[in-house]
Structure formats: structure tokens, C-alpha cells
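Participant: Mind the numbering: the sequence shown is residues 1 to 260 in full-length UniProt numbering, read in order.
Be careful, since some hints might not be right.
[What the hints assert, rightly or not] Lysine-lysine pairs mimicking DSS-like chemistry, simulated, CA-CA at most 27 Å apart:
| hint | residue 1 | residue 2 |
| --- | --- | --- |
| 1 | Lys-93 | Lys-69 |
| 2 | Lys-76 | Lys-40 |
| 3 | Lys-39 | Lys-93 |
| 4 | Lys-76 | Lys-91 |
Everything labelled a hint here was simulated from the structure, so no lab data went into it.
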Amino acid sequence: MVHLESSFKSVKNKDTVQELLIDILESVIHEADKTELVKKFCNLYDSFNGQGFEPSFEEVLMLILSDSKRSADVRKMLRFISDCALTLDNKYKTAHGKSNETEDEEEEEIMHPLLEYLFQILKRWSRASSYTVRCHVCQFLYMILTNIQENGVGEIAMSVYESIAKIIEERRIDASAIVRSHAVLIAKFFQDPSSVNDPVISGLCWQLQNDPNARVRQNIVEILAACEETLLPLTGRFLYDQNANVRNAALLHICDRISP
């Protein structure tokens, strides 16, 4: 991870917050149990009372997203940041709920300031000129949404949900195939198989038949919702796709749907 290490070294000793963040993130690579590191990150944020933390955090995050190697270390760091942001969000929602439990007003959509800020900068960077950054943004969004779904932590406001949907629409037709392949994975969380002619499912079915990149088609097959609308496109990939991995993925998907 030479590229990222050199980037980290270039900002150390320039900013105390960045140095502390980088020390935590470098420890993430080697520590199996990250519980204490999550606490350390959250305590660092809390020590600033939300004042002055974000600019340093944004610069460090950009160094990670810009790493051209797309290494396992980068994925570990992004997953860790996702855990930290959602941990802060859960605590924030719990505290907010307790302070308003006697109120009769309709509960507002609340998010921890850092998580809200994180989605804002990811939205902006999803249009970066570097395909590496765009790719990592899509990977990071997928990690956050997976974390929310699988672990029952965190919750996003409707405005954020809509902005992520916009990112999917823009990046799934990206000029870079690797960006498209990660963008379609995020669409997994936005499908509504109970809705007739769901626009997300319709868009994925169209792309499944028209995208020239096999990895993109395979990823679509693997996340496509099981409903009447997707059966024919999936069968077509199983019968006619020129790529064996896509055909195999389609077969597995179809078999899963007919299994007792």
C-alpha cells in the first residue's frame, strides 16, 4: 500500500486531528478486534463537540478514496469508518429519542452530523474526475447500506435515500466499467419487487441485456430481485450470455428461486 502510506505521511505533523485519525486507521489494518478502535474514533469526534473535526476527516477520507491500488487495506479502513459513523448515529438517535420521549410531535428524521456530512461529501465525490474515487465512493456506499441492513444499525433520512438513488442512476452508466459494476450493487437496496414496473428493477433489467461488460452483468444477476419482471431477463442470460460466469450466476439465481 505504498501509495496510501506516502499520502498519509504527507499530511502527518501538519494537522493534529489528521495525525490522530491516521494513527487509528493504520491500526485498523493490523487489529482483528476493532471494538476499542471504534471507541477511540468516537471519543475523538466527541472531544471536538462537532466543531472542526469534519475538514480534517474529509481530507483523510479523500486520501483513502484516492488510493489507486484499491487494496484490501482500503476496504478495511472504509468498513471501519462505516462502523464508526453508524455507531455514532445509533447513540445520537438513542439520546435524541430519550430527550423527546414525552413529546407528542411527529418524530423528525434525525441523523448524526458526521453521518449526514459523510453522505454529503460522498454525493459530491461521486462525480469526481478520477474513476478510482468514483469506484471507491460506490464501494463505500454499499458497505454502509450493507452494515445498516445486516446489523440493524443506523438509519438514513429520506433526503439521503433519494440522493443515493440519484448516485446509482448516474454511476451505473459511468464510462468506467469498474464503477458501473459497483454502482449496480448499491441498487440491491433500492428495488421494490412488490411494485409493478419498479423503475430500479426495470433499469437493471435493461442494463443486464445491454451492458457490454461481463462483470457488470454478473453483479446485476447476483443482486436482481426475484419477481415476475426479472425471470425472462435472467433466463436470457442463462441461455445466451457469452460469458460463462454470467451464465452460471443466472443459473444459480434461477435455481434459488425454484428451490423448496
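Participant: Evaluate each hint against the coordinates.
Facilitator: Structure-based check of each hint:
The straight-line distance between the Cα atoms of Lys-93 and Lys-69 is roughly 36 Å, outside the 27 Å bound, and the hint therefore fails. Among the hinted pairs, Lys-76 with Lys-40 is consistent with the structure: their alpha-carbon atoms are about 16 Å apart, no more than 27 Å. For the given pair, Lys-39 sits about 17 Å from Lys-93 by alpha-carbon distance, which is consistent with the 27 Å threshold. Between Lys-76 and Lys-91, the direct Cα distance comes to roughly 23 Å. Compliance with the 27 Å bound is thereby established for this hinted pair.
Of the hints listed earlier, the one the structure fails to meet is number 1.
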